[in-house]
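*Asks:* Letter by letter, the chains look like this.
2 protein chains.
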Amino acid sequence: MDEFTLIRDYFSTPDFVRKDVIIGVGDDAAITQVPQGQYLATTTDTLLEGVHFLRQASADAIAHKAIAVNLSDLAAMGAEPAWINLSLSLPEVDNQWLELFSQKVQELTKYFSIQLIGGDTVKGKLAVTITAQGFVPPESVLTRVGAKPGDWLFVTGTLGDAAAGLDCLQNKLKLTDKSAQEYLVARHSFPTPRVLAGTTLRRLANACIDVSDGLMQDLQHILKGSNVGALLHLDKLPISKELGSSIPELQQALTYACTGGDDYELLFTIAEEHRVSMESAMASYNLPVTCIGQITGVSGKIDLRLNDQPFSFVSLEDRGYQHF
Amino acid sequence: MDEFTLIRDYFSTPDFVRKDVIIGVGDDAAITQVPQGQYLATTTDTLLEGVHFLRQASADAIAHKAIAVNLSDLAAMGAEPAWINLSLSLPEVDNQWLELFSQKVQELTKYFSIQLIGGDTVKGKLAVTITAQGFVPPESVLTRVGAKPGDWLFVTGTLGDAAAGLDCLQNKLKLTDKSAQEYLVARHSFPTPRVLAGTTLRRLANACIDVSDGLMQDLQHILKGSNVGALLHLDKLPISKELGSSIPELQQALTYACTGGDDYELLFTIAEEHRVSMESAMASYNLPVTCIGQITGVSGKIDLRLNDQPFSFVSLEDRGYQHF
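Those protein sequences? They're chains A and B, same order as listed. Note that the UniProt record's numbering numbers the first sequence so that position 80 is 80, with each residue one more than the last. Note that the UniProt record's numbering numbers the second sequence so that position 29 is 29, with each residue one more than the last.
Note that these hints are calculated values from the structure, not bench results. One should not assume that every hint holds.
[Said to hold, decoys possible] Subject to a maximum C-alpha distance of 30 Å in a straight line, what follows is the list of computed DSS-like cross-link-like pairs (lysine-lysine):
#1 B/172 to A/125
#2 B/123 to A/224
#3 B/123 to A/125
For reference, chain A alone in the conformation it holds in the complex (with noise of 0.2 Å):
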């Protein structure tokens, strides 16, 4: 089977169809239209094998990661996704994992209404590039760069799970209770980009970045692009029950909380006037969100604090995702 057929077979019959793909799979390149007035945003995001996922991970869920992740970006923009590209590398035709891929991709576009425009496949180890393009108004473009000292440091959803469910999956950590350990394995595997919560902060939020690499790291990229510190209150980070009843130890739960890669909750800074409409948004969608400290005019620092006591992890504030 050549390229042709493969991508043909699998991916040229979109389920989701919009009106401003012109063309889509299938010629040298995707022609789409931007609605007129708005900025087009752009992320590409590789994910390799026994780097981004374990050998063992099904077709499935490396498809909504692969998508995740590039949606999650878009969100941290303000940007609503619309299209995407996939380039998929493969060491065989594997058609059971092909349908099982593109089942989940079909899936996935439905549900955030988006377009695969085009693509790319090539033998090799099992990698997957996903680039994602989406919308944003010009003058709602979140970023990392506007945070400002007194804002109100809030994040998404909860916090480490993802990490606790991959040291599950890696039998690091042995859970008793089967369902706790299901759900932790779920948040690893099938991470939910926070795409309404994205739209929802333009506007509102002064700076906006994605947990992708760890709480510490990526609120790190927050404070140096702002230039600006951050008081966080340990004692106030979201952790689910699941996770939370799983590790009666608070450090070992805190730590996961903190330096947890892949959780792709989004981490954001929003002025005081701004915080009751922000909460009462989301508020309407369901959206857990909370508060759990405070931008400060002390530039890179980050002020831990536990039930209001200065705490400090050994050498927390460097650990986090590393990619080389």
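On the provided structure of chain A, position chain B as indicated by the hints.
*Replies:* Chain B in isolation, oriented as in the chain A frame:
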């Protein structure tokens, strides 16, 4: 060295900065602005070591080819390139390699007035994925589906050089003329995307594709897409003096020209009424184009002629680059 430092060091200060890039490398996604009234063209291509380039390929040749193949896809749609995203998979951080790679990226982005707006770096087997974006006016999009019986079949530049160059590199072809060999190897390692030819063909060509998998195979894409056939004059195929003088046996030279991949020339069909305007425009830019045949109404059929006599290679029609 972590991913962030790596990207920051080599790719964060582009030599060429475009006004339509609002946010480039460094945030969760790039933010750009498509000109009002223009369509967006997007294409993705992955290059893998051992598949798309030889293990011994230099970093600058890899960078060149990765950019060229993507700009070639945009050119085949009539699109003007604007921005590229780079996803780089590297087995290790090799500063000398990265220096050479990034210098070539800088050189080409400057040459083509495009900007690197984002990317991703992962640890893995050497692989380069580029997503290129550009613009094309709605009424000027070139596709594979518009060829009409009677259209002249044209190709830019010369055919077969890149495949012969690859054979030289792999010692499958040994030439006594070293300067011819150097030329052919350069055509393989540093292909020229026909960017200006692509925009020149807007509103003139009826169908267009880039010759990446070999003339016969890429011509078939036009024929199938447009539901037409073609008369192909083998004696008219543009063969460089370097290829022609090195390969005295006609059938071998024709095999390179008909089935050799990686030339990245544009193959297009044009109505009689636009032929003269196209030829003068191309001549004014010093872009060589050659009429190699004509579109017929016999769907899917390539009618090969040599000096106006029917001619056939053994299953030549089926040959060309197969990705799996």
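*Asks:* Residue 123 of chain B and residue 224 of chain A were given as a pair; does the straight-line alpha-carbon distance stay at or below 30 Å?
*Replies:* Given that 30 Å is the threshold and the Cα spacing comes to 25 Å, the pair holds.
*Asks:* Between residue 172 of chain B and residue 125 of chain A, does the CA-CA distance stay at or below 30 Å?
*Replies:* With a Cα-Cα distance of about 27 Å, the restraint between residue 172 of chain B and residue 125 of chain A holds, given a limit of 30 Å.
*Asks:* Between residue 123 of chain B and residue 125 of chain A, does the CA-CA distance stay at or below 30 Å?
*Replies:* Given that 30 Å is the threshold and the Cα spacing comes to 13 Å, the pair holds.
No hint from the list above goes unmet by this structure.
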